[in-house]
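Undergrad: Throw the hints in and build the complete structure from the sequences for me.
According to mature numbering (1 follows the signal peptide of the UniProt record, and there is no 0), the stretch in the sequence shown is residues -16 to -1, 1 to 216, in order.
Bear in mind the hints are in silico, worked out from the structure with no lab data behind them. Hints are supplied without guarantee of correctness; some may be wrong.
As the list claims (entries may be wrong) - When the alpha-carbon atoms are kept at most 30 Å apart in a straight line, the in silico BS3-like pairs for lysine-lysine are as follows:
#1 Lys42 - Lys120
#2 Lys50 - Lys77
#3 Lys141 - Lys211
#4 Lys74 - Lys50
#5 Lys194 - Lys175
#6 Lys178 - Lys141
#7 Lys142 - Lys74
#8 Lys178 - Lys77
#9 Lys120 - Lys77
#10 Lys194 - Lys178
#11 Lys120 - Lys50
#12 Lys74 - Lys120
#13 Lys50 - Lys138
#14 Lys175 - Lys77
#15 Lys141 - Lys77
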Amino acid sequence: MKATLIFIAYVAIAAAAPQGTLVRTRTATRTASISSETISTIPETVLPPSGVSAGPSKRCRGPGGKECNNGESCLGERELDDGLGGICVKSPKPCANFLGDTCNDGDFCVEDPDENCPLDVMDCGQGLCLPAALVKRANGATKVGKEPFRCGGKSGKKCRDNMHEVCVGEGNSNDGMGVCVWNPKACNDPKGGKCRDEKTYRCVKDSRNKSSGLCVRATWADQFGLKGKCPS
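TA: As structure tokens, then:
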């Protein structure tokens, strides 16, 4: 009798659900399908966005030196401005890759801290999506947009990681200094390289090689007057 009632309830839910995109929700006894319109009415505290767990955001690396659990990535350490490290994100969505993947509206495409691409390799590497909900929950004052480390020119400073960082824009900016960029992608070069996302990145002249450029964040290029333009 109990099994019959469960089956009848399941059929009623399926029949009442509007047609369209279906998402899955787990119950104690089975997996049923309900419409995305129904899901959208559930408060965030009950059903957080994909990759976002309920409760405060878990911080990682940085001063605390903590690592994330298996299946999680530590994102935003280089982009968050509070200096407290990154945020653990479960199975983050890829972005800014050769497939053209993008993040959901409002989320941030940040560097993958664990990728290790050789310099100037075409289509190597990608970004990962950091949910805005996690940034907001980490610290009310935290935002994405940490100032880059300046290098070269009158500062005489070198990038902190000589193995992976390059001083991009030295001699081609308003003050003659460059910015340190992690594994910059080559652009406007004989191989036909382009920046992954021309809305987010600019092709800046490479002071080491006059025949090509390197991709840097557009916000930094505008802020410091880094000269160059991504090819169309």
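Undergrad: All the hints need checking, so say for each whether the structure fits it.
TA: Consistency of the hints with the structure:
Taking the CA atoms of Lys42 and Lys120, the gap is about 12 Å. The hint holds against a cut of 30 Å. Distance check on the hinted pair: Lys50 and Lys77 sit about 22 Å apart at the alpha-carbon level, within 30 Å; holds. At roughly 20 Å between alpha-carbon atoms, Lys141 and Lys211 fall within 30 Å of each other, so this suggested pair holds. For the proposed pair Lys74 and Lys50, the alpha carbon gap of about 15 Å is at most 30 Å, so the pair holds.
Our distance criterion of 30 Å between C-alpha atoms is met by Lys194 and Lys175, whose separation comes to about 14 Å. At most 30 Å may separate the alpha-carbon atoms for a hinted pair to count; Lys178 and Lys141 meet this at roughly 28 Å. Between Lys142 and Lys74 the CA atoms are separated by roughly 34 Å; this puts the pair beyond 30 Å, and the hint is violated. Between Lys178 and Lys77 the CA atoms are separated by roughly 22 Å; this keeps the pair inside 30 Å, and the hint holds.
Simply put, Lys120 and Lys77 have alpha-carbon atoms about 18 Å apart, close enough for the 30 Å limit, and the pair holds. For the suggested pair Lys194 and Lys178, the alpha carbons sit about 16 Å apart, so the restraint of at most 30 Å is met. Between Lys120 and Lys50 the CA atoms are separated by roughly 20 Å; this keeps the pair inside 30 Å, and the hint holds. For the hint pairing Lys74 with Lys120, the CA-to-CA distance comes to about 17 Å; that is within 30 Å, so the pair holds.
This hinted pair does not check out: Lys50 and Lys138 have alpha carbons roughly 36 Å apart, beyond 30 Å. In summary, the hint linking Lys175 to Lys77 is supported, as the alpha carbons are separated by about 29 Å, within the 30 Å threshold. At roughly 35 Å between alpha-carbon atoms, Lys141 and Lys77 are farther apart than 30 Å, so this suggested pair is violated.
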